[in-house]
Each structure stands twice: as C-alpha cells, then as structure tokens.
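Peer 1: Given next are the chains, with one letter for each unit.
Protein chains: 4
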Amino acid sequence: MSGTTTTGRHFLQIPGPTNVPDRVLRAMAAPTIDHRGPEFAALGLEVLQAVKPVFGTAQPVVIYPASGTGAWEAALTNTLSPGDTVLAFETGHFATLWQEMATRLGLRVEFVPGDWRHGADPQAAQERLAADTAHEIKAVMVVHNETSTGVTSRVPEIRAALDAADHPALLLVDTISSLGSIDYRHDEWGVDVTVAGSQKGLMLPPGLSFNAISEKALQASKTAGLPRSFWDWQPILAANERGFFPYTPATNLLYALREALQMLDDEGLANVYARHTRHAEATRAAVRGWGLEVLALDEREYSGSLTAIWMPDGGADAVREVILREYDMSLGAGLGKLVDKVFRIGHLGHFNDLTLVGTLGGVQMGLVRAGVKVDPNGIQAALERLQQA
Amino acid sequence: MSGTTTTGRHFLQIPGPTNVPDRVLRAMAAPTIDHRGPEFAALGLEVLQAVKPVFGTAQPVVIYPASGTGAWEAALTNTLSPGDTVLAFETGHFATLWQEMATRLGLRVEFVPGDWRHGADPQAAQERLAADTAHEIKAVMVVHNETSTGVTSRVPEIRAALDAADHPALLLVDTISSLGSIDYRHDEWGVDVTVAGSQKGLMLPPGLSFNAISEKALQASKTAGLPRSFWDWQPILAANERGFFPYTPATNLLYALREALQMLDDEGLANVYARHTRHAEATRAAVRGWGLEVLALDEREYSGSLTAIWMPDGGADAVREVILREYDMSLGAGLGKLVDKVFRIGHLGHFNDLTLVGTLGGVQMGLVRAGVKVDPNGIQAALERLQQA
Amino acid sequence: MSGTTTTGRHFLQIPGPTNVPDRVLRAMAAPTIDHRGPEFAALGLEVLQAVKPVFGTAQPVVIYPASGTGAWEAALTNTLSPGDTVLAFETGHFATLWQEMATRLGLRVEFVPGDWRHGADPQAAQERLAADTAHEIKAVMVVHNETSTGVTSRVPEIRAALDAADHPALLLVDTISSLGSIDYRHDEWGVDVTVAGSQKGLMLPPGLSFNAISEKALQASKTAGLPRSFWDWQPILAANERGFFPYTPATNLLYALREALQMLDDEGLANVYARHTRHAEATRAAVRGWGLEVLALDEREYSGSLTAIWMPDGGADAVREVILREYDMSLGAGLGKLVDKVFRIGHLGHFNDLTLVGTLGGVQMGLVRAGVKVDPNGIQAALERLQQA
Amino acid sequence: MSGTTTTGRHFLQIPGPTNVPDRVLRAMAAPTIDHRGPEFAALGLEVLQAVKPVFGTAQPVVIYPASGTGAWEAALTNTLSPGDTVLAFETGHFATLWQEMATRLGLRVEFVPGDWRHGADPQAAQERLAADTAHEIKAVMVVHNETSTGVTSRVPEIRAALDAADHPALLLVDTISSLGSIDYRHDEWGVDVTVAGSQKGLMLPPGLSFNAISEKALQASKTAGLPRSFWDWQPILAANERGFFPYTPATNLLYALREALQMLDDEGLANVYARHTRHAEATRAAVRGWGLEVLALDEREYSGSLTAIWMPDGGADAVREVILREYDMSLGAGLGKLVDKVFRIGHLGHFNDLTLVGTLGGVQMGLVRAGVKVDPNGIQAALERLQQA
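Protein sequences appear in the order of chains A, B, C and D. For the first sequence, the working numbering puts the final residue at 389, and the numbers step up evenly by one. For the second sequence, the working numbering puts the final residue at 389, and the numbers step up evenly by one. For the third sequence, the working numbering puts the final residue at 389, and the numbers step up evenly by one. For the fourth sequence, the working numbering puts the final residue at 389, and the numbers step up evenly by one.
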C-alpha cells in the first residue's frame, strides 16, 4: 500500500454526493433557529426564490426535508391516481427504480425497453403517445441525466413528442444528477414536475429534495387520488407564502442551500454549465486516449456531469477497488445490468480543472495497477483540452 | 429597544429544535463521503446500533433522511391497510395532526376527545378496547409527550389497557419531544412502533427521523396494504444489515447523530432523564413563584422537556414577542386551540442550570415588560431548586 | 454533583478570553490562503482599516501574530532606549507585570504605589511629571482597564496631567481588557501607543495583538535604541501599505478579526459601550443585593467589562471551585496580592442580558453552596436593572 | 479566462502555509476555554508531550503564540549575549533574513557565502570552527530546509564539523519548512535549539512557533545577556510543568495542534517522511520530463517538502500568474536573488498522490500557456513514479 490513503483530501468522484464546498459546510454549521420565527421566514423566502433560476422556472419549487427518492414519490403521488398509466423509458438503473416505485404505489407502467447506452427515445415516445388516442397515459416519466450510465436524455424532444401527438399527459423529469450541472429549463421545455436532490450539482450534503411544479401539475394535484400527506404540495405551498413550512424543515440544510445558490449565482449558470461540458470533454478525451470506450453511444447524449467507462468484459470493480485503496478516490460502481461492466467518474459540482487532472491521473494509475492495458497518453489528451482557453 | 438583541447567543427555548451542541455542528460539517463505501458502512453500523439504547430497544430502528412528520407516515403506512380503524387521543395539537394524517392516508380514526391539559386516558382506552371485541381497532396511536401542552402520557398504562382487554392492536407511540429527554422504554413497555425525530432530545438539527419496530409490527408490515415506497421498512432493513441504505442517506446528519449519541452515552441516560426532571421542576417552581399556572393538570403527567404556561385570558403571544425583541429568546407559541393562551418553555436537549436561569430570568423580565402581573420571587424559587445537590 | 457539568454550554465568564461568537469561529475555520497573494492583500487592507475605529484612531494600527504580552513588549521596544525612565502606576497585577517587563528589557521604572482598588492617580502623575523638569521620564505607562481588579483608569486625566506639566513623555496605554468594551479614544486622548489583544472585547480567540501608534511614537521609534526585530514597527508598516506582512501572519485569526469587526460595526460602537455599562451596572446591583462589596472604590472607575467581588477574609477560590464544579462556569481568580480575596466576573465581549442573568444566578447559587452568607434578593436586583429599556 | 478560478478547491501549493486538513480546522473552531482551568491544563500537558516525537526529542519544547520569525528571535535571545559571534551560511533567502535578525539584535555574524543552490557546507563549517581556537563563535545557525530554494542542509554533517573541531558553539537549526515533512532528530543530531512553525508540515494555520531546547542551551540561557521577556524560556518552562503558560496562549491553535499531532501519529512519522520523499521524487521526475531543471544541484540535498524550478532567464513570475489566474493554484515565488528566476512547488503537509497529480498537471498546463517550451511527457513521468507501490 502506498501510504497515501491516510493523508490529504479524499477524492469523492462518484456522481454524487459531490464534494461539498467548505463554505457550504460552514454555513450549514450555524446554530439551528426557530422555524416559526421571523429570521426563519426571511431565510425561507430567500431560498424559495433563489432556487428557481437553477430550475429555469418562475413557478413554485417545493423543498422537502428528504432525499431525492422522496421527491420521486412526491411527483407521482401529487399528480396521479391509483391505476393511472404512466410511460417510462429504460435508460438505466435509476429509470428502472423510479418506474418500480410507480408500480409499488399502484400505477400501471409502460416501460419502453432500452440498452442503457441511450437516452429516452423521442421517436418511440411519439409513436406510443400518438397511439394513445384515449389518453390513458397520464404522465411521461423521464430521467434527464441517467446517473447509472452518463447518458443525458433530450427532454425538449420528448416535449416535442407530446406536443406532436397533442397529448395531455404530464411530463415528469428527474434531474437529480443534472440540476445545477447541465443546462435545464423547466418552464421553456414545458416540464410539469421536475424532481431534484441536493447532493449533486447543488453541492450540498444529501437531505433536501425538490419538486418544481407547473400550473398544469398543480391543477392535476387537485384531483390526484393517490394518498399523500408528508409529500402533499398544498399545505407546503400555503405555508411557503410566508417563508414557512407545515412541518419542521431541515433548517441547517437550508443554510447550506442559501450559500450554494449564492455560489452558483456568483459563477453564473451559463458558466457553470460550460464548465461541466468542458470537464466532460476532457474526461472523454482521456478515456479515448487510454484506448477505452465511453458507455454513452450518441454524442448528443453525452453527460456533462459524469462519464461511465465501458468494460464489457468486466473488471470495473477491481479497478475501483485499486483506486480507492491506492489513491484514496471513490468512483461510481456499475449498477443493475452494468455491475462490474462500467465504472463512473463524477465530474460535477464543486470542481475544477486541477481536481479533474488529479482524478484522471488517479484513474490512469489505477487502470495500470489493476492490469488493464491502457495507453498512458490518456492524461495528456485531457491536459490538452484543459489548456484551451 | 435594549440593544441586546444583536449580541451574544440567541436563547432557543422552543420545545425543539433545540440548541445543537457546537461539537455536533462541527461533526456535521465534516466532508460528505461515498454512501456506498466501506467508511460509510462502518458509520451506518455504528449509529444503527448506538441509537437503540435511547429507544430502550434491542430491536431494529429505521433512520429516515426526513423530518419527524415523515416518521409518523412511515409508522402508519408500514403497518396498516386502507380502511383500518385506529384509536387516537386528543391530547393536543400534534395528536390532532397525526390522526388527521391517518385520515388523509385512508384510515378510519376514532379520536377520544380531550381537554389538552391531560394525557391519553388509560381508563378510556381500556373501555374502548374492551368494547372492541371484533378487534376492528388495528392500532392505538399515542403521543408520549405532547409538545403543544407539556403533558406526558402514561404509555405503560396504555399498554396495560391493551393487555387488560387482551387486544391485539398495535401500539404506535410518538416520542418526538420526549426521546432522549424523558425516560422511555420501547421494549419494556411493549410498544410496536416508536416514532422520533432528530431535533429535540437528540440535540441534532432537523432532518432525521426514526421508527423503532417490534417484531409484531414487522409481521404486520408484511400484509399492510397502504401503498408505500420511500417509507417502506423492508428494503431499508435489508440494506441496514451491512450498514447501508437503499437510497442516499443524510450522511452529514448521521455524523451529527454519532456525535450526539456519544454525548448522551457519556452523560448516561439516567442522568439525562434526571437532569430534565430537575429542570422541569425548577421551571414549575418559577411559574408558581410568579403566581402563574402550568397548563398540565395532573402531576403524574408533567413533562420533563417543556412547560406550557397557562394564560386563559390570552396575551401569551405578546409576552413572547416582547421576550424575542428585548431578550433575544425564542419561546413556543400556543398552537391550535391554545393560540395566545399559552407560551411554552423548552428546557430539553443540550441544556444546563445556568442556561435555565437565563431562560427563566428572561421570561420573568418579559412578563413584567409585557405588563403581566407577576411576583418577582419566581426566579428565586427556581434558584432554590437548582441549589440543591 | 449535579450532573449539569457535562451538558449545555460552558459559561466562560472570566474577563477574557471571552465567549467567541459561533460565526467568528466559523469564519476562522476557512482554509488558509497564500499570504503573498491578491486575496490576502484584500483581506489585509480591509482589516487594517476596519480595526481603526475600535481604537478611535485614524493613525496606523500594527497587528501582531502574538498574544497581548507581545504587544506590551512591542510598545516598549519600539519607543524606548536602554536605561530610559518610565513612569507606571500600581493599579493591580497586570500593571505590575508590565513594569516588570520594562525592567527586564533594561528600562528604569518609577512605579507609583497603589492599593489595587483605584486607577492610576492623575494627581500623583501630575506631581511627578511637574517635578521631572529634566524630562527624564520618557514614557508614562497606564493600564486602562486593570483586568485583575475591575478598575478603569481615567486616561484623559493622565493626558491632562502630561499636558499640565507640559511634559514630552509618551503615553502608552494597555487596553487589553477594555478595547471593544469600554469607550476608548486613541487620537482624542492623545495616546501614543495603545496596546490591545484579540481575546476580550474583540471576541476572538487569543493569538493576535495590536499597537495603535501616534505620529509622535513613530518618530520616537526612529531613535529608540532597544533591540528589536520581530516587534519592529517599520517593516510591518511598510508591508502593510499593500495589505501584506513582513513574516507569515496568523491568517485564520485575521478572518476571525474581519468577522468580529463586522459584528461590532453592525451593533455600533456606542451601543457596544452602552451594553457593557448596562451589564456592569446590573452586576453591581446583584453584588450589593447579595450584601457583598465591589473591589473598585471610586464609582468613576467602575469597569464596564468585569467586576471583582471583594472577600477580604478570603474564600474566593472556594466559591469559584464550587461554581465551576456545580454550574460549569469559569470565573476569574484573584491574582497577585488579591489571591483568594476576590473573584472576578467577566461581562464583556459577545454577551447579552440572559447570559448575564445565568451568570449572576450561578454566582448566587455558588455563594450559597459555598456557605457564604448572601441575601438571595441579589438576582432580582439585577433583573430590575435589566428590565429597564 | 477559463471560468475555473471561481469553483472547486484552491490548490495552495506554496511551501507553506500548507493545506490545513478539514478536521484540524474544525478542531480549531471549538470554543475557547479558560486558560487557567483544569481542562486547559490537560490540553497543555498533552500537546507539550505529543509534540516531542516530531522534533525527535525527549527534551522540552516551548510553544509560542507567535509565528516562526518569533521563534527565530527566541532562539537567539535566550542563548546569546550582545556582541556574541555567530556563524551562519548563505543558503538562501531565509538564511539571509535570520542572520540579518541576529545583526539587528546586536550579534556579530559571520556569514559563509553560498550560491543558493547548495546547503550549508560542512567542510567550510569545519574549517572555520577549527580556526576559531578562541571559541569566539558562540552559535552556528543552520536552516535545515531552505524554503526559498528547496535545498536541505545536512545537519548531521554540521554537527560532525563541530565535533571534529571540538567546538563548544551551540547548534541552532531552523526547521520551519522541514519539521513534520523531512526526517529530523533534535537529540540524535545534537542540536541545541530547533526552531519551527505551525503552518508547514504540522498542517496548522500560522500562529504557533516552537523552540526545542537542549540541556546545553538551557544552561546557556542562564547567562545569556540579550534582553528578553516575551520570548524568555524560563517562565514558560516553569508554567508548562502543570500544562499552563505565563501569558495567554493561542488556545484554539493548540486544539489544532492536538488534532494535527494525532494525524501525524496515526500515519506514522516514518510513513510521513517516506510520503514526502516519494512526492518530491515524482515532482523532480516531472520537472525533468518537461526538460526543465531543479534548482538544487546536489542530490543529497534535494528537499522533500518543496521543489524550486530553475528558470535562469526569468519568466517564473509570469508562469505563476498564469497558473493562479487560469488554474486557481498558488505557487511560491522566487525570493531575494531568485526573483522571477524560480517558482516553487510545495508538496508538503496534508497532501496525497492525486493532489500532486493535479498540481503537476496545473504546472504543465501553465507552462504551456505561458509560452515556456516544455515536453508534455512531464506529467506521465510523474505518474510512472506514483504508480509504483
């Protein structure tokens, strides 16, 4: 063992939770305040407003003191009724889990099969929606950025498919690993519920999750028959008017959210997205430089927040283990169908060029030490991309 | 204005969230780690074990990345089916909210009326249970310490009522404002699901909640028909075996939990409970010294974690406002039926004699400044109690 | 033992170090930066400017990465030459230590005797200075607020004594336990070197100290013959022009200083001073209420930052021990001639009414438990003072 | 501009202050305690003992609440008298500053000239000492690791020179940028005073400094005639017996010290030194890979804690500026004679392989962007070294 594993900062390069900025951690460590007092109200109003631009929305955003899986459940229970049909796409592990949740909650799921190397297929969506003349499909569920594969679905084209079929189904989008990292526009793209979590592009610890809600979704919630209480939008939206919450909010994570939103605003969202794109490009340059393959097959669907490296003959877990043991870096494992066949590099959140260089250097060294044949020029290919202004 | 509102530490003397210890805040501010890695597994196993003594249980405790209201929902959805009857007691605002949730989730609630100055009535429970020879009542819901009134229900006597009636209903107990403050014994008292939150006696920020689960409750969950996914015990218990969680846990709050459990263990739970009892006694001594009345009427039901002061002619909110403005102390408002008729002093969590003296001094000065007639000997009565060894 | 010693916040009521505000501690915990880079320069320029109002000066203030004792040495070595005579006043323990340092550094000290219950005597000063027609006295050393006694010397009257005698001696003033707590005016009062530390009214941890420097002192430093290097003003002032320091500064304490200065500015220095005065008055009301005596004899010299309680027959240490053990509060011990004959209550820095009430309640209970005969009305006398707007 | 400068962690790769570990920053943020109380005494005794192994000593180590420059002054004023002769070696900027301080304090300095690319010359030392038959030289001053050049002097050979000449001069060694990074043995090497600071290998913020003291140095202090008070060892050593200090210590930095010493002990000093050697080797591999030159000329004197890169035709400052602006990394500038002719990479303290890779990648990219001709294989050469077990 190299001895390096016990010193210096851990490289947390899974695709979330991401490296939380020091100043966000310090903001979170402020004393908890009375969630019914005037100081809290000011905090509540501030973050409820400041979070909107990140979603690309002027409509309400609900904040849950819960992890992202909860916000998945909230999106479904607030808008749908037992037995409703939803259309989903097998883009990977998380898309699979979300539709399993839908089934468990009493919905009927049509799950369009996929190869886990592409995003949701707009063509298939359009065909299925056009065929649904009875409008039995009540919602279309799309994972914007599939965290298990590094493939970003083209949400605007799914929207176009709904529009082309003149279909009234709601569009529900999971942006858990894209929000704050990859360009996203809740309003412009006509999304009805956007689901997000705190621990990825928002640079917070896990524990907060979000629903951005269109007017159409709000209307749907008035008749949606799935039982709900904790997740119910209505009392939350009512209390939010004055900056409060119907039950105790995760106050300290809201401090962290305020700080992180300030950081995103200081950098500028356009710069944030460009930075993620740039780091994704440099990562793919390294992968190709090593002579390896990126899992995503369609370049229009390359993810800006993570890259999955394709090892079809297995061995990805051994690479990750070597890297964790020898270089103190955590990478994402292959999940579901992809167990041991990919490892995933997160390059999202609070991140910069030199941390990416360290990350890619660690991957290269780990591949070598794990006995994977790679061209050592990979790292230089990344540097060349990063040397560009 | 006194100018004091802008300096020194705020006195957060609501009955939760409580004053989070500095060392817990610092523990929480450690960098977030990979929730799938070996370091996390060790953390998970440690806290899942260490939390049990606080519940007085050797059975599993589920930890949710959510606030206490979520754990209420979890207790119901994991054990009950649509249309099931539950028996609840109107002990105050939170008991009322919990049974409203039950109704909203599709349960049938029998709500035993109460005067908000007593706990759940064991006699009424026994009569109702004895009458239910068909065993239509599937669960009995009790709030151990009613945060809105400062009344602690005698859970062992409710258990005895179930036993006397030989009734198979589950016993579900909310300990949100008692756990870690008032003696509580999940196993010994035969409770089936104990609901708790992080932000009171556990001395954490809000954002974690708990279900301690009896074997009988676990069995019930196998046939319980309420839809559930996020709250479902089974995948959580399965993942917990190795220290993991089925979805992203609130990692940094788990750091805080580890630290707070260490503090409770260092002090010793018996000492923790005795301390709360002592502070509650000193507080009541002050209340009586001022010539005022405690809301709780039955001395067997005095709360160790908070004291509500009864102002039947109103004016409690004005007192709180003066105290917040002039002495930078937050107190609890009257809720529901008690709006403006009580204010509540939280004396739980990370707390000591001198902070209590400051708290009671602030209440006395605030009462005077708000024009309430009080005997200024109140503070001395508290000191006399605290002077005792 | 009461069990309270292991929980809640410690009451640090010594007359410094004082209770450091949470936000100052968090500011201090930001990552250390390059002390030669542009971000540091901005920090340096900001604090060097922002610290001036607290001294009441528009002239340079030198910041040392050292404790206050170092700033004592700096004041002497930068302005005086071996064998020079200085005039000092025996106001207490720290005045005694400072003149001992002067002797050790090779100066000749005239030490005007005192009873440790009064400040520096302006009358004696004037007589001695008038008699010194040869101007052998090169500097007059005054401790503004004697931390060992709670007596505040009347610096303007010492200045007047110098002026009346038309004497050119420098006026060196120690404000270690007054700066940021008690009204002080370096420029208006014609002080030549003001010595200060970080850990009292400035609300920082120990580790920074200060010299505010008049033009006359700067001129003196050009010919002052005491050897000096680390303490030498000249290279510091030169580097400070651009926000830098000649050797590595205590960067993280400068973060803390920036935050604390912001807090003082937010409260307003006039409010800060009034708050300290008010708390000192309430403390003396309690002392008298108990039937005890304040050490300071001249009401013009009562300290706003601490109060020493006079127990001429001894026993003060036993009181402090009981209070530390039973109520987890640290008080200041009697020092030098006053060992066991006083204990000192610090009521300075980040402090407010309710913390003072807790402090005084703790003192009252401790006195009772230590067997000192006191009237329990003391606490109420303090509350009465604090009830006033 | 790349936009990367506003996100992610800054790379602080100057040769100190170094990257302070998060856990040290959090330890430092604990509330300040009474420096005269029992809790402090335990802290004091603990750190005074735990710091000794890092110096390789069983003799006393004095801790100053001051920066390293102060400890330089302490080493001189405690052991020497006005007019005493000291022998020093021109190894670089800091050696030059230290002997300037000696002159300023009234000592006579013999300064052996050097080329700033070698350490102190043992041969020259031996010759000069042998010639000093009158033993006019009272102390030999050596900078162990010259921070301005990345050259480590061979202290044992200087000791041997003293021994060979049978010369009684004290051996004073500055280990400011080597302690805790490069193998060092105060006792074994017969050093009399070792000077150190907190902000390099000890991984703390600046603000503490140290003197490790031999018995011979202690004896010398009894007759040493330079005036001293703040720096005087005697009252410090006396108070240290019970864990206290004669004046207010930098309490929060002592918390940090306790934490950092624990980290060094956990890693093991031998591992710490080996890690630094390994990172220095990888850095030199990169430098040579780029086709550039390391400033240090003698491979026995390569520094484990920093590497200076030699750009004899200038331009080093432009490289640093590009790197700071484009890659948010701080590097050390050339100092004194080396202005603009070197830049220095710090690879010491809390550091690991991947952070080094990021650092070297940033240097490579910065060199390219600054227009310096380099072979891009440099980074791979470093990876090859780090790939080795």
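By construction, these hints were calculated from the structure, which means they are not laboratory data. Don't take each hint at face value.
The list treats identical chains as interchangeable, and a pair is accepted whether it falls inside one copy or across any two copies.
[To be verified] Below, in silico cross-link-like pairs of lysine to any residue (SDA-like), each with a Cα-Cα straight-line distance of 20 Å or less:
1) K222 - G106
2) K222 - N377
3) K52 - R108
4) K341 - G37
5) K222 - A131
6) K216 - E127
7) K373 - Q388
Predicted model, so just to flag it, every value in this text is computed and none were measured.
Peer 1: Work down the list of hints and note, for each, if the structure agrees.
Peer 2: Right, here's what the structure says about each hint:
Taking CA atoms no more than 20 Å apart as the test, K222 paired with G106 passes in both settings, with 18 Å inside one copy and 17 Å between copies. Neither within a single protomer nor between protomers do K222 and N377 lie at most 20 Å apart by alpha-carbon distance, with minima of 58 Å and 56 Å respectively. Taking identical chains as interchangeable, the C-alpha atoms of K52 and R108 are never at most 20 Å apart, the minima being 32 Å within one chain and 39 Å between chains. For the identical chains of this complex, K341 and G37 are inter-copy neighbours only, at 18 Å across copies versus 52 Å inside a copy, given an alpha-carbon limit of 20 Å.
For the identical chains of this complex, K222 and A131 are neighbours neither inside a copy (27 Å) nor across copies (39 Å), given an alpha-carbon limit of 20 Å. In the homo-oligomer, the alpha carbons of K216 and E127 never lie at most 20 Å apart, since the shortest distance is 23 Å inside one protomer and 50 Å across protomers. In this homomeric assembly, K373 and Q388 come within 20 Å of each other (Cα to Cα) only across copies, at 16 Å, whereas the closest approach inside a single copy is 28 Å.
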